[in-house]
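Chemist: Line by line, the protein sequences give chains A and B. With the first letter of the first sequence counted as 1, position 140 gets the number 140 in the numbering used here; the numbers rise by one all the way through. With the first letter of the second sequence counted as 1, position 25 gets the number 25 in the numbering used here; the numbers rise by one all the way through.
No wet-lab data here; the hints were simulated from the structure. Please note that the accuracy of each hint is not assured.
Some but not every residue of chain A turned toward chain B, in silico, with C-beta under 10 Å [as the list claims (entries may be wrong)]: (1) 8; (2) 139; (3) 305; (4) 438.
Partial list, computed: chain B residues near chain A (C-beta under 8 Å) [unchecked claim]: (5) 6; (6) 8; (7) 45; (8) 65; (9) 125; (10) 154.
Which bits of chain A does chain B cover? Going by a derived footprint, with three or more residues having C-beta under 8 Å, they are [as the list claims (entries may be wrong)]: (11) 145–157; (12) 329–341.
Glycine included, each C-beta is placed from N, C-alpha and C at the ideal position.
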Amino acid sequence: MKMKKVVSSLLVAAMAASLLAGCGGSNDQATTDSAPADTTSESSSADTDAEPADTTEASTEDTSDDAEPAAEQTLKVAAFEGGYGADMWSEVVAAFEASHPGVTVELTIDKKIEDVISPGMKAGDYPDVVHLATGREAALTETLTKEKALLPLTDVLEMTVPGEDVKVKDKIIPGFLDTLATNPYGDGVTYYAPMFYSPCGLFYNAGLFKEKGWDVPTTWEEMWALGDTASAEGIALFTYPTTGYFDAFTYATLSSAGGSDFFNSCMTYEDGIWESENATKVFELIAKLGSYTEGTTVANANNDNFTKNQQLILDNKAIFCPNGTWLPGEMAEAPRADGFEWGFMAIPAVNEGGAGCSFCWFEQMWIPAAAQNQDMAKEFVAYMYSDEAAQIFAKSTAIQPITGVSDSLEGDNKMFYSIYDNGATAVMGGFASTAPVEGVNMLDTLCGTVNSIVSGDKTVAEWQAAVEEASDKLREAME
Amino acid sequence: MKKVRGKSIFITACVAPAVILFIIFMMIPTFNVFKMSLYKWGGYSNTKQFVGLNNFKILMEDMNFFRSFQNTVLLIVCVTITTIGLSLIFAGILSREKIKGQNFFRIIFYIPNILSVVVISAIFSAIYDPNSGLLNSIIGIFRGSDKSPILWLGDQKLVIYSLVIAMVWQAIGYYMVMYMASMASVPESLYESANLEGAGKIRQFFSITLPLIWTNIRTTLTFFVISSINISFLIVKALTNGGPDGATEVFLSYMYKQAYTNSSYGYGMAIGVVVFLFSFGLSALINFVTKREPLEF
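Only chain A is shown next, with the shape it has when bound in the complex:
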């Protein structure tokens, strides 16, 4: 009897222990899993077990002789897989490894890269280089910026491009390094390296204009006139995929309304700037555009259905849609009206006689301050601006802001990138980074409200006041 009890107690204890051991095991699993490169790693020599030892070894050696990359090193690169595909990244990494003997690059690439790398980052395991733009829904880049967890790239700009004798900053097209989209704190220090850029503007069906004998409007007056003509034929003037696309639209029109200094004042939350005359022009312009917007747009302006709004352009149900150059690729498989032909134009000037404007959106590359292998990371960022790397990217139509790279483009893409050659002003930047302010989200207030304006649930005055209020709160959080 007693024996039985002892045996069963032992059994229970064993069960409990194995249960806990099981948990412990799965915990361990989770942490190794989150070492980002494991599953998608492209490098052949990545050995999961040896990996942590590898990196520490590399970094210690690295500090002792920083310019000599001869020692065995592992560089962890995490890249966002955008519309350009993943192949170009593997190619660039292979080329980097070839030109840097002894360096192994562990590449993690994913369409939702933030979900792949952030669990590891929370546990303190950071990639060395990250290619991930601002403005993504998960806002990982912004969060790290607000947390001051990025490495300044000032010395990268002064570095010589590997294999060439030009400095990095001299290769980058002038203007790309003076914006809030590279210097997020507005203090002149570069934290994001500008990568693939893409002009944003209004897309339309050029075939429709030919068919109807309409002229492409160049001013807002012509735009409204076209809107009235088209609505008589049952075609709406405007649609938008989701309100998220109004960031580029608003930035461009703000800059067009008040010039680049005014635009920067808006982006740095200057007091009263959103209630100024120039800002009012932009708010009213968008509201008027709202009244020309296709009726079902709001209902489909969500992540599930935004392609239905884009489809309106292909079906000749709406004329203009704000978007970036990835749109034709995104809609490549979609059915379309006869004679459809992509057209792309800058946003007409807000002030009479002014130049059209186009927001230039670009992706960014950055180095986390907690990266282990910072020197090699900087070398990698500098390498991105080499002719060798730029050509690999350009093959996939990913265009970097390097002088002359866009010359190699053909067809539709050539038209998209020639928008600035035709007189449109390039607008770059974005809201300055502040300490996080609870409950205040500028882009939601500025862009998300467009849905309410179009549906008539809010007035322009309410919208403007809400934006100014958000701007006030964010200004206090700027340092």
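Dock chain B against the given chain A, drawing on the hints supplied.
Modeler: This is chain B only, laid out in the frame that chain A set:
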């Protein structure tokens, strides 16, 4: 004496795994949520700043939060009342009446529960499509197709009810099966005697079925509160993402936005604390209000 001691050791050993797991996976994380709600933290760096109850103070002035609160309460109330009514009726019919294809209906009603919420969202975004959607096509037969379409997901006054429909559709089968299970255990003799005394079907339902499955209904009410809060997040995330312009923002979607996209992790946790207390309080209240002497049969 020794025997008693041995027994208590045995019991401790038996209970220990569950207790330890509960502490590690429930108590500590919950405690952490409460703790983090007192900090200002972005989620990544080591710069956690203790701010006391400041997050809650901001919360009390955050109109967007109140909007999500209203939406959540509306969803809980509408979804609970509609689902409980419909699933009781269906369960009553399917367990008491002899109708053809009983099992078929049982399966049909249960199917939405097996589907993942993302699939349900896809189904409903097709149903709600303004131009080619099922709902507008049917309504168009009656009101004429030349009228401007009803924007189920675009009209800010309507969109929350569109979510209610999707959530009710999703939940009915699950609760129906639960009610049917407890209805099956109600003794047939009670219905027979009621029949002899001339009570009609409806009378039988309210005087026999409902009182006898009351404990089950009480349990499901708590489920309703919890699942409405959870499922609404999933559906909102997949169907509208809180839009248009925050009209469908609910508790958890707002919490998620604040914690993960607005870099205010501590603030998000403060919302979490409010959600925790609210659902706890509401469940307790419902439990208290619906307390009846359990009927034996």
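Chemist: So which hints don't hold here, by number, going up?
Modeler: Hints 6 and 12 not satisfied by this model.
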